[in-house]
Every structure is written in structure tokens, then in C-alpha cells.
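**Student:** Residue strings, one per chain:
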Amino acid sequence: MDGQGAGRSEARLRAKRRRARRGAAISAASTVVVLGGLAAIVLTSSGWHAFHATFLSWSVFKDSFPDVLGGFWLDVKLFVIVEAIVLALGLVVALTRVTSGPVLFPLRLLATVYTDVFRGIPTILLVYLVGFGIPALELRGVPADPVVLGGFALALSYSAYVAENYRAGIQSVHPSQRAAALSVGLTESQAMRHVILPQAVRRVVPPLMNDFIALQKDVALVAILGPQEAFRIAQIYGSSHFNYTPLLAAAVLYLCVTIPMARFVDHLQKRTRETRS
Amino acid sequence: MTPPVLEVRGVTKAYGDHRVLGGIDLQVREHEAVALIGASGSGKSTLLRCIDLLEEIGEGDILLDGAVITDPSVEPVEVRRHLALVFQAFNLFPHLSVLENIVLAPVRAHGTPRGEAVEHARELLARFGLAGREADYPDRLSGGQQQRVAIVRALATHPRALLLDEVTSALDPELVGEVLGAIRDLKADGMTMIIATHEMAFAREVADEVCFLHEGLIVERGAPGRLLESPEREETRRFLRRVLEAR
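Line by line, the protein sequences give chains A and B. Counting in numbering that gives the first Met the number 0, the first sequence runs from 0 upward without gaps. Counting in numbering that gives the first Met the number 0, the second sequence runs from 0 upward without gaps.
Any given hint might turn out to be false.
[What the hints assert, rightly or not] Computed footprint of chain A on chain B; a stretch qualifies when at least three of its residues, placed anywhere within it, have a C-beta under 8 Å from a C-beta of chain A:
| hint | stretch |
| --- | --- |
| 1 | 81 to 90 |
| 2 | 107 to 118 |
| 3 | 216 to 226 |
[As the list claims (entries may be wrong)] Just some of the chain B residues that point at chain A, by a computed CB distance under 8 Å:
| hint | residue |
| --- | --- |
| 4 | D51 |
| 5 | L53 |
| 6 | G57 |
| 7 | V73 |
| 8 | H157 |
| 9 | R159 |
The hints are simulated quantities; they were obtained by calculation from the structure and are not laboratory data. Everything numeric in this text was worked out from a predicted model, so none of it was measured. Virtual Cβ for every residue (Gly too), placed ideally from N, Cα, C.
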């Protein structure tokens, strides 16, 4: 009996290995076929030579890269500053929306309007409106620097999204947690700060990171106001040299930041799933 | 004569048109334990939540040490600092370690110096058989251990009275005993308690008085031996028969 059982388990193991090998071979083959097919379609297209010259010029890439990289540094700085503002402002708006009590009704209404309006306007439109509208008002003491105004517009748009993420997190914490916090003698605001918010924030880290990735790309929208960031520099270089390779250089730079971030989000989401199960 | 620690006078509570409490009178003297029995939905939990001011009452008054606590001018936070409620589902804070669960309220709500609060927490944990679990998170503990941590958390603020809301109902049968043992010890130490429970044998052993709730009213009350053995009201008899049959 025992000998037979051991033999079967070995046979099962062999079959499993065979299946794994076969699976690997099939996926390798299909990858080659699909990628090869796509490459064939692109390389045999009638415009391929023109495309290669205007978008894939190595010499232009090398030549323009330092300038594009210099512009990208502005994107990075802008992203970091805007993100910090977004995290703080979003939290304030979310906390305002979840308050209760009739005295705070006007603030709640304001916070609701804020999220509705700034989430509802396309970000590019908001950048235009803020970037050209505010200087036109000629208000004293208000900065006219397009980088500041562009960053401000992005902060308005993204803090509205982030506020809704925070709010979803706060509402996902079971009411019994609030009851427990109050029953031990904490005030409402202490219950929020020490019990509800820490749990809420942990739950919304993955969606917040997705907003980060979106913001990292959308800083390029500031280009429409004139600042010399990566996309803008690539555009200028492209139109003066009749070659669009610098745009590709800018794209590569964005990917260098967003792909590691995307993997990090995957990792966080996986960890969240594991700790919950 | 000193007033009772807790006194409930004609308290009603309704959710919309649904009446949950229909005029409850109850007194709990110092060192006394009162057990609330009755079917699910009879109002036991609601009464405890009303006493801890987690729910607003309709009519009536609740008094703590002779002072009305249901007056609108009374700050609920102040009252809750003198009472402690232990929940059926433990309601520990999952993001905090056992020790942090316990010291949060003493430090934040009572201004106890952290060192002192930690020392007190360690003493209580040791007393309830949880020494060495300070750094663990609630999800690493069994249900019985979690509920004992919840009891320790409630005791950490030196409450005048302890409100226990079916604290063994969410536990696996083999873990019920350790939690009941902890409450038995508290009774021996003279803790004033209101205990909502389905454990009739336990109510009989620990309580000085048993109140039977039926549809938001205390329809019968008395010494545990008398009420559980020879109930006078038909509703009480029916309830006790059903509980015994379920065994």
C-alpha cells in the first residue's frame, strides 16, 4: 500500500513539472509570435523610415537629453511640493465633510462644493483658468509665476480626489470603533485622531498612491502656461529641429518615475490583501 | 444613606417609531452586580449604551452617584470617563498593540503620566493572565484573550461601574469560561457591574439581582435563585424554558 502511495505521489509530482514546463514553453512561443507580429507590422509600414528619422534619432536623443532632463527636474520639484499640499489639503476637506453638528453645516457645504467643482473640471481646463484667470484679476500680493499658479491648479484638482479617498477610508472604519473610543472617555476629535484616522489612512494608501502616479504625469500640464519643464522643452526642441525624439526622451523620464511607483503600489496592495485575509 | 452608584428612572428610547425601551427603572448599589437577561432585541444592549451616553434617551433620567447625567448641560465625555463599557465584539483598536489599546484612554483622556499608565496596564494584564502579550496586536490573540484585553482596557480608567454587554456571546464555547472567570474575580473585588448576559448559570452565581427584559420593559426582577427557579411571570417562564431547551 505504502509503496504504491509513494509511487503515485512521485508520478503526480512528475506530471506537475511536465505541466509547468509545457506552460512556460507555450507562453514563450506566444510572446514571440505576438511581439514579432507587431514588430513586422510597424517595420513594414510605409511611413516607418520617416518615423524612424523624426522620432527615433539617437543623435537627437543624446543631444537633447540633458536639456529635457533639466526640465524634468522642475517637474519633480513641482510634483513633490504639490503632493505635500494635496495630502494636507485633501485631509482637511475630508475631515470637514465627515463632521456632524449643525454649526459646521456651512463648512460641510463648502467642502462638498469644493470636491464637486474641482473634481468635475478637467485638470487641463483648471490649469488654464487658474494660470490665465488669476493674473488677469491683477490682485495685489498674488503670485503671477506660472509654475506657482500651475501647481496651485493641480493642488485644487488633486486635493478634491484625495479628499474623497480619505473620506471613503474614514467611512469604512466600523462605527463600533468610534463607540469604543468614546466609551473609554476620548473626545470626538481624539477618537478621530487616535482611532479612526490611523485605520482609515492605512486602508487608502494604495488608492492614494494611484493618485500620486496620476499627479506625476499631470505636472506636464503646467507646460501650457509656459514654464520650461520636460514636455515643454521637448516640444520646443522638436519644433525647432523638426525632430520629435526629445518627446520620447521626456516620455522615458516619466516612465523612470512612474513604473517604480506602480510596482510599489502593487506591492502595497498585495500586502494589504495578505494582512486582511 | 449614600445614593446608588447607578440609577435609571423611567428611561425610554425609540428609533423613529420603533420603541426599544419603554420606561426602565433600575438601581445598582456599590459593589452590586445586576444581571440583565432577556431575548435578543429585548433592549439589554440599548440600555447599556444609553447609560454610557452612547445613545440619547427619550424620557426619564439616569443618575451616576446621585447626579443626573442625562441633563443636556452635562458633558458626555466627562461621564464616560467614569464608566466603562465592554462590548460583545470586543471592539479593540486593531492598529494598536495590546498595551497601547489599554493606555490610550488613561493617557489621552485622563492625563495619567505614561509611565504610570503603562505600569498599571502591566499589573492588570498580569492579573488577567495576559502577562507578556503587551506588544501583540489584537489579531494575534484568541477571542477569549481579546475580550480579557477589552476588560483590562475598561478597568484601566478606574471606572465607578462596569457595563458588560453580552461579553461571551461572540466567543467559541471553550473560551467562555476564561472570560466569565475574569468577571467572577471582579465581582469578588467588589466591582459595581451591570451584566447583560445569556449565561443563566453565570448570572445566578455572580449577580445580586436579575432583571428580565421583555420588549423594552423589565417585567420581572428579583434574587437570582428565586427568579431563575420559580419565575412569577409567564413571559419569564417562556424565556427560561426556551433558553434551557436550546442547551
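**Student:** Now, for every hint given, state plainly whether the structure supports it.
**Tutor:** Against the structure, the hints:
no.	hint	result
1	81 to 90	holds (count 6)
2	107 to 118	holds (count 3)
3	216 to 226	violated (count 0)
4	D51	5 Å, holds
5	L53	6 Å, holds
6	G57	20 Å, violated
7	V73	14 Å, violated
8	H157	11 Å, violated
9	R159	12 Å, violated
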